[in-house]
Amino acid sequence: MSELLCMKGITKRYGNGVLANEDASFSLREGEIHAIAGENGAGKSTLMKILFGAEQPTEGTISLRGKPVKISSPRVATELGIGMVYQHFMLVDELPVYLNVFLGVEKRKGLLLDKQAMIDATRALCEKYDMPVDPTALCGDLPVGLRQKVEILKVLAREAKIIILDEPTAVLTPQETEQLFHQLRILRDNKHTIVIITHKLKEMKELCDRITIMRQGKTVGVVDVCDVDEQKLSELMVGSTVRLKVEKAPVRAGEVVAEMKKVTVPGSGKPKLDSVSFVARAGEILCLAGVEGNGQQQAIECLTGQIAYSGSVQVLGEEILGKSIRKIRDLGMAHIPEDRMTMGTDQRASLHENLISVDFDRNTRLGFLKSKHLKARSEKQLKDFLVKGERQTPISMLSGGNMQKVVVARELSQQPRLVIANQPTRGVDVGAIAFIHEKLVELRDQGCGIILVSADMSEVFSLADRIIVFHEGKIAAEITDVENTTEQQLGRYMLGVERMEAAQ
Amino acid sequence: MLDWIFSESFLMNVIAYAIPIVFAAYASLISNKAGISAINIEGAMSIAAVTGALVSHYANSWVIGLTAAVIAGILMMMLLALAALKLRADNFLSGIALNTFATGACLLIVKVVLDGRTDSSTAPSVKVPNVDIPLLSDIPVIGKAIFGQNLLFFIALIVLGLLILLINRTRLGVQIRTAGYHPEAGESVGVSIRRTRTIALIICGAMAGLGGAYLSMANLGYFSAGMVSGRGFIGIAAEAMGAGMPVKTTLFALLFGAVDYFAVGGQTVLSFPYELLNTLPYLMTLLALTIYAAAHNKKKG
Ligand SMILES: Nc1ncnc2c1ncn2[C@@H]1O[C@H](COP(=O)(O)OP(=O)(O)O)[C@@H](O)[C@H]1O
Ligand SMILES: [Mg+2]
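So the sequence lines, in the order shown, correspond to chains U and E. Our numbering numbers the first residue of the first sequence as 9 and each following residue consecutively. Our numbering numbers the first residue of the second sequence as 2 and each following residue consecutively.
Treat the hints loosely; a few may be bogus.
[Stated by the list, open to error] Below, a list of computed lysine to any residue pairs in the SDA-like style, where the Cα atoms sit at most 25 Å apart:
#1 Lys115/U / Arg195/E
#2 Lys249/E / Leu146/U
#3 Lys128/E / Gly222/E
#4 Lys87/E / Met98/U
#5 Lys87/E / Tyr22/U
#6 Lys115/U / Leu173/E
#7 Lys87/E / Ala62/U
#8 Lys115/U / Leu255/E
#9 Lys115/U / Val190/E
#10 Lys117/U / Lys128/E
[Unchecked claim] Covered stretches of chain U (chain E as the covering partner; in silico rule of three or more C-beta atoms under 8 Å from a C-beta of chain E):
#11 77 to 87
#12 110 to 118
These aren't lab readings, by the way, just hints derived from the structure by calculation. In this text, a Cβ means the ideal position worked out from N, Cα and C, and glycines have one as well.
Make the full structure from the sequences, and use the hints.
This is the structure:
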C-alpha cells in the first residue's frame, strides 16, 4: 500500500498558550482504517483538526500523495478530498437531513434549491453504504446513532476520500457501534481511507489496520494492529501499565439509602420503566447495567427528581415525590450526570464557578460570598482531583477527562451519603477512569451508597458489588455474586436472552 | 363605534398604520433568522425617514428619495455589522447605542439642513404615490383598503413573497437559517457566518429603510423628530410573536397596526380621553418588548 498522506513535525500552540501538539507526525496509507489512540488531552483532536484545516499548525508540513499542501480552511480540505466528523455533531437540527448533507454545497436549479436532486442523491448514498436514514426527516428528530450517519453522509456528499471520525463510538450503543463498523468497512472496500479516534482498545483490535498512539501532544508510536495486544497498547497510551483491576475491600452493606417500589414511567407505547423495585445500600456499589434505552436512565432520572413517575421512590429515608432537586440533594445525594457538557457543567463558566455552583449560597457572610474560603476550597479540590487546569480557566477549554474530574470533584466533595454516578467515565481517558474509580471505591469504603450506571462491561465488573440488569424497562436479573459471573452471562441478561426467575 | 370599525376607512387606515410595522417586522425576521438581533431597526427607520424626506424634496423625486432611504437604512445596519460582527461588541448594547445615536443624528440633520427646525414640514417630501387598481378598488369595504393603497403596501406584499422564497428555497436562505440555528455547523462546512449575517443585515437595513420612508414620504409628507415612536420595536415584537414565520409575523404586525390606529382614530371618532388613548402605543411597546424578551429567553434557554 502506498503512502497517501504525511504530516510531519506538527506543532500547535493555542491562543491560550496550551501546547496541544509538539513535533507530532502522522501518516496514512491508501485504503486503511487507521486509529489514533491516546489519553484525553493528548492532542488527537487537534492534530486531526489541523489535517481538516479547522486549525492552523504553528509549525509543520503536510503532504498529500507526495505533494506538499497547505490546508488553510475546511473548504480547502474538502477540495482535497478530506472530510471530518466532529466529536460534537455539527448538524442543524431544524433542517431536514438532505439539507444538512448538502450544507454549503447545495444543489441548485437556477436560483432555487433543487430539493428533489438532493433528496435523491442522499438516498443513493444511504443505499450504497447501507445507512437507513430518511432524507426528509428533521435532523433534530433523529436519535444519536442516525445523526452520526448524517454526519458521515455529509462527508460522503463532498466526495471525501479521507474520512476522519473523532471518537465516533463514544455516543453509540454497542449495537450502533457494530453497525458503524460495518459501514466503515464498506467505505474501506470502496477505496476510502479512514481515520478513527478512539480510546477503546477492543475497537482498535476489531476494526483497524494500524494505530498511531499519542501522548502529551507527541506521537509515541505507530503499530500494526496484528503486532500488539491490548495490554501493550494501553501501556503505550498512558506510558505505564494501567491498573485495570480496582482494589477494594469486601463489601459491608449497611442501611438502605435508596429504594424504588413498583415505579412505573410511561413511554410511547411500552412503559419506559415497568413496575421496578430495588434497594441500594450504604457501603455498597450497586450497578444498574443494561443496553442503553432499557430503563436504567429513567431509574436515575426518578431518583434524582427529574421526571414524573408512579410508585414510590425513597432517597435516604424520604419520599421524594414533589421534592425539588435541591431538596433531594440536601438529603445527602450527589449526582454525576451522564452529559458533562450540558448537565454536569456550565460551559460558559470557569472551573471555580463550576465547583462552587452547588453551594455558593451557603457560603456567605452578610449576603456576600466568602470568596477567600471558596477559592481556597476550589484550589484544593482541583489539586486533590488532579485536574489539569487553573481555577480561572473557562471549563470549555478542558479536555473531556479533566472536565469530568471537575464534576466528580464537586459532587464527591459534598460529603454525600448517596452518589449517583451515571456513565461517570464515558469518553474519559484511561488515567482519569482509574482515578474516578478509586474515588468511588474510597467513598464506598467510608460507608456511602453508590448507584452506578454503566454500559462499559469492564467498569461494571471492576466496581460493582451487586448488579441489577435492566431489560425493556424491567429488571431482568440481580447478580449478587459478581466475582463468579462472566461477561458472557451478563451480556445474555442485558440482551434479554435470559432472565433470572427471582427478579421481580 | 362599530360603525367606525366596519367603515371602509377603518380597514384602509389599519393597513396604512401597519405598513411601517410590517417592514420593521420583516427587518427583524431576516436578521433574527441569521442569528443576530437588530434592535436598532427603530433607529435605522428614523434615519431612513429623515433621509428619504430631505432627499426626495431636494431631488424632487420620490424614486431617488426612496432609494436614499433604503441606502440609509442599510448603512445603519452596516454600523451594527461593524460593531457586533467585526469588532465583536455586544449585539444588544451596540443596537441600543445605535438607536441613541440615530435619535441625535436625525435632529442634527434637520437642524443643519433646515436652519434649526425639528421637522421638515417647510421642505415637504415628494410622496410615494398611491396605486389605484381599477375595478378591484371598487369592491365595497375592502376594495379601497387593499387595492387603493400606497405603492409601499404592494412592495410589502412582494417583499413577503420574496422573503418566503428566499428563506425556504434558496441557498442563501439555508445559510441564513444555519447562521441562526447552529453557526458552528455552518463554519465547519465553510459557510462564513459573518458574511451570511452581514448579508442578512443588508436586507434588514433595506426593510427598515422602506419602513422609515413610508412614515415620512407616504403617511406624512415630511419628517418630524420622534415620528417612528416605537414602531421599530413593535415590529420586532410582531416578529417574535409570529415566531419567525413570515405570514404569521405579517398578521401580528397588522394587529399591532390596528391598535396603533385605534389610539389615533379613537381620539377623533370616539372621544375617549385623549391622555388615555395616547398611552396605548407606549403600553403596546412595553408589551411588545416584554413579549420579545420572553420569546428570546425561551429560544436561548
Ligand atoms: N480551542 C482550544 N483552545 C485552547 N486549548 C485547546 C483548544 N482545544 C483543545 N485545547 C487543549 O489542547 C489540548 C489537546 O486537546 P485535544 O486535541 O482536544 O486532545 P484529545 O482530542 O486528544 O483529547 C488539551 O489540553 C486541550 O485542553
Ligand atoms: Mg478529542
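Results of checking the hints against the structure:
no.	hint	result
1	Lys115/U / Arg195/E	holds, 22 Å
2	Lys249/E / Leu146/U	holds, 22 Å
3	Lys128/E / Gly222/E	holds, 6 Å
4	Lys87/E / Met98/U	holds, 24 Å
5	Lys87/E / Tyr22/U	holds, 22 Å
6	Lys115/U / Leu173/E	holds, 12 Å
7	Lys87/E / Ala62/U	holds, 20 Å
8	Lys115/U / Leu255/E	violated, 37 Å
9	Lys115/U / Val190/E	holds, 15 Å
10	Lys117/U / Lys128/E	violated, 40 Å
11	77 to 87	holds (count 4)
12	110 to 118	holds (count 5)
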